[in-house]
Structure formats: structure tokens, C-alpha cells
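Chemist: What follows is the residue order along each chain.
Number of protein chains: 2
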Amino acid sequence: MWGALSVKRFETVAIIGVGLIGGSIGLALRERGLAEQVVGVGRRQISLRAARRVGAVHHTTVDLAKGVAEADLVIVCLPVAWIVEHVRAAAEHCPPETLITDTGSTKQSIVEALDDGLPRGCRFLGGHPLAGSEKMGASHARAELFDGRMAILTPTRNTRPADYDRLDQLWSCLGSVVVQMSADEHDRTVALTSQLPHAVAVALAGMLPESCFRFSGTGFQDTSRLAAGSPELWTQIFALNRDHVLAALGLFEEQLAALRTAIQESDRSTLENILNKAKKNRDALGN
Amino acid sequence: MWGALSVKRFETVAIIGVGLIGGSIGLALRERGLAEQVVGVGRRQISLRAARRVGAVHHTTVDLAKGVAEADLVIVCLPVAWIVEHVRAAAEHCPPETLITDTGSTKQSIVEALDDGLPRGCRFLGGHPLAGSEKMGASHARAELFDGRMAILTPTRNTRPADYDRLDQLWSCLGSVVVQMSADEHDRTVALTSQLPHAVAVALAGMLPESCFRFSGTGFQDTSRLAAGSPELWTQIFALNRDHVLAALGLFEEQLAALRTAIQESDRSTLENILNKAKKNRDALGN
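Which chain is which? The protein sequence lines are A and B, in order. In this text, residue positions in the first sequence follow my numbering: the first is 1, and each later residue adds one. In this text, residue positions in the second sequence follow my numbering: the first is 1, and each later residue adds one.
I should point out that these hints are in silico values taken from the structure, not numbers from a laboratory. Incorrect hints may have been included.
Given that identical chains are not distinguished, each listed pair holds provided it fits within a single copy or across any two copies.
To be verified - No farther apart than 27 Å at their CA atoms in a straight line, the calculated lysine-lysine pairs in the DSS-like style are these:
| hint | residue 1 | residue 2 |
| --- | --- | --- |
| 1 | 277 | 135 |
| 2 | 135 | 280 |
| 3 | 280 | 66 |
| 4 | 8 | 66 |
| 5 | 135 | 8 |
Kindly produce the complete structure, drawing on both the sequences and the hints.
Modeler: Right, dumping it as C-alpha cells:
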């Protein structure tokens, strides 16, 4: 698809945070010839080394100011609670008029904080690729991580169409299906599709008595897999999208209570209806 | 392991119900040379044909009496609600003194009904291999399905040691780790490890609005995968293990409520504790 477009390459892309997502973006940018230079910025040498080793970046630095100095695109791929301050810091040190985006899985609070007022004509446009894994770090990065996945962009009325088009094209080139949403709509959606299953997996894994570990098979493993994700990262995500997460949890608790009541009252037809509806939904989601 | 034992082969094993589990047992018995003859018994020609096609059985029949007539082992691999009546029917028609077992995922009500009083000296010993998939039918059968999985046997004080040893050896030869439990202990355990995650996956899949389907990624898919299982099968399982399932759901609801409260009250340290505990448990379960 992207071969047919006239793609404007980036000179220098600075990726702040070269974990799984940042590393995979770097790999994909390089593999697809979308950037002349990819610079990785991070706090810890061990992460930067991993990013260099897998070929996700050309250069790395722990000095954010140096890392973004020549960037014509900055992508902040950090845990959500750190994004706002790093976008602001990047805007202080990158060339004037630079476009800055992120990959954070909550958007409303980030977009609100950064929608205008960045120094030196820099602009922020929020993004969120719906891709990832419970595995962390650039050593698990893959250029194909975004292939066929959704990438959400959350423009506001302050967003310049040219900036939107630039990121739309970028994510399309990375293989994603780009969707535009308001930050609020994004947060309500991912509360249901991402944060709710995470919460459910956490509750499930957390309650299993150790004596039962060896009796848990692939079903328990699948259902609880997300609980292996980073507690630090998810503490931030739940905090930043608190209201929508609580609403999603409320809906889930109602649904589970309906199932419990049907079991309790041996209400076979309601039970079958619930199981049939769930199967229909799940079958529609593919493997 | 089983190569080193002196394994007593079966002459004729009758498998009643040749779906995923029955078909996989048949395949494994044949592949490992554990039975001279494997006979598949089923209600529907289409299932029996699938079992023959994958090589899970030598012969098939829709006539239970004929199917078990020469069996020295009968394995009932049917949905749990049908097991008791089919064990009784098999006992009427198989040779005297035949050992009959099952693979049902609930045990207490089945074992209670069949523990003594089978006609003509036939004996029932309950079993449950902790293996399976949301995919059904003999066409998905695999001889390796039980490799490295637990197989639970639920003897009672009426069980003859020789019968137990026979099934212990059978499941060991199929690659399983055999564990002995009371039927009640079994039911309490699988309520937590199997039926609870199923209920959770069903509630999760069931509540997702259609407009969100395309935003659900691998995380939602993993967490809700079990909901693709057979509604008919699971209606039976929830009904037959009602009390233990309700207890497990109660524990889960408490755990989820604790997580919700921590998010609601922005209680970061409790939230982190919950997430850390869940990660520790989940990491211990492997992939």
C-alpha cells in the first residue's frame, strides 16, 4: 500500500523511550526506509544498548536535548504518566515547528495538557497504536508489530491537517489501519478493549491459590496472560483513565453478576443465552 | 517413560464420544500401540467419519451396545450431563467386569451416581485430563494433546487398586502427569482453574459493544478466548458444579472489587500491590 504513495521521508526521527513500542517503530522505520536517521533517547544504558543491538536505532543518547536537536519528528514512547513532561522537554530542545507525537494508551489528559502552548511553534498530535505484548523491552521489538493493527490519532480543532496527514501516512507505512477519534472517545473505547481485560486478568491471576497453580491449563493461562504486564505501567494507566476504567468495570461486574445469578438460580435458558451471546461476540473477533 | 514400564496393552478400547478429547485419546492409543482395537461410538455419522478420517479409531458405530460388546476398557468422553447414563448403558452391554472411565470436567455428581451398583461387576473410576481447546471435534484431535498435562483420577474407597493402576498407567502412557484427588477436591480445584476463567471470559466477551470489536487486540482476544467454547457444554458444566463455581465467582468478585476500590480511591500503593501479586502469580504459571 505505502509503496504506491509518494511518501515523504523523515530526515531524523527521535524516539524517546526505546522499549517494545519505540524499538518496534525504529525497526519498522529503518526497514521500510522511512527515516534517514533514527535516534533513540532513554534513561538507561541497558535499554539503549538493547535498542542498538536489535538495530532499532542508528544512535542513542541519554541526553534528551541532544537526542531531539535535529529531529523533524519526535515520538514519545514512554509510560503514560511521563509523556507530558517529556513532550514539553522535547519541544524546548528540538528544531522550531517540529511535530511531536506519542504512543500512550490514554489520551485525554495528555492531549489536554499539550494541545496548545508548546514553545517555539512545536505541535503535539496524540497517537496510540493498538499493538503490544506483555513482553517488554527493545529486545522483543519487531518491525511487523503494527502490521494490520489499528493506530488511533486524536486530533483537536487546533491540529493542522498537514500534521495529521503526516502521521496518518507514517502509521499507514508501518502497516497500521489509521483511525481518527476524539481523545475522550479513545479513552472510553480502550477502557473497554484494553484496560478492562487487563483488570480482569489481574484479578484472576491474583486470586489463584498457589496450591492450584499446577492445575491451571491453557485456558487459565490465556485468560490471565495480561497480568504479566508491568505493574508500574498499569498503575499509571489505571490512574490516568480512572473514570472510563471504573465505568467499564461497572459494566463488566453487571454482566458477571447476571451470569452468576443464572448459575445460582439454575436458570438454564438465561445461562444459555449469555453463553451464546458471548460466543457470537468472541467468534467475531477472530483468533 | 512408558517405554520402560511393562505396559499391559488393551485388546479393545471403546471410546464413547469421539470429539476433540475422545479423538485425541484414540489417536494417542493407536500411535503408541496401547490398544489392539479402538472403537468409536457416537450419535452422528459426521463425527464418526471425522474420527475415522484422522485415524483416531479403527471402527465406528452409532450402536452403543455393539460398540462396547468386546471392550476391556470403555472411556466415556461426552459432555458432563450425559456421562452417567452412558456409563450405565455401557455397563449393560460390555463384557462382565469391564472397567469404565470418563473424561468429564466435573466429578462429584458423576462419581456419586456411579461409584457402586453398576451391573455385571463393571466398575467406574472417574478421570479428567486437564487438556482441551475451545476448538471442538475429532478433526482437531492430536495425539500429543495430553503430553505434559495433568490427568486427575478420583478413586473412592470402593476403587480396586488394580483398576486405579490400570488408568494411572494409561494416562502416563498418554504423556500425562497423573494426580489422585477426591471428586470434591477436584471440583473445587477446577472451579478455580477452569470454570472461573471461562465465566470471566464469557462476561468479558458478552459485554463488548459491537462498535468496539475492531479495537480489540491480542489482549482482549486472549482474555476472552474461552468464550468461544460450546454454550451447550458449558451450561452443563456450570450446572453440575454449581456450588463450587459460585464460590469461585464470589472470590473473584471480591478480588475485582478490591482492584476497583484502589482505582476509585487513587490508592496507588494498594493498586501496585495488587498488580505485583498478580504478576508474580502469572509469571509462575509460564506461557
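Chemist: Just pull the numbers of the violated hints for me, sorted ascending.
Modeler: 3 and 5
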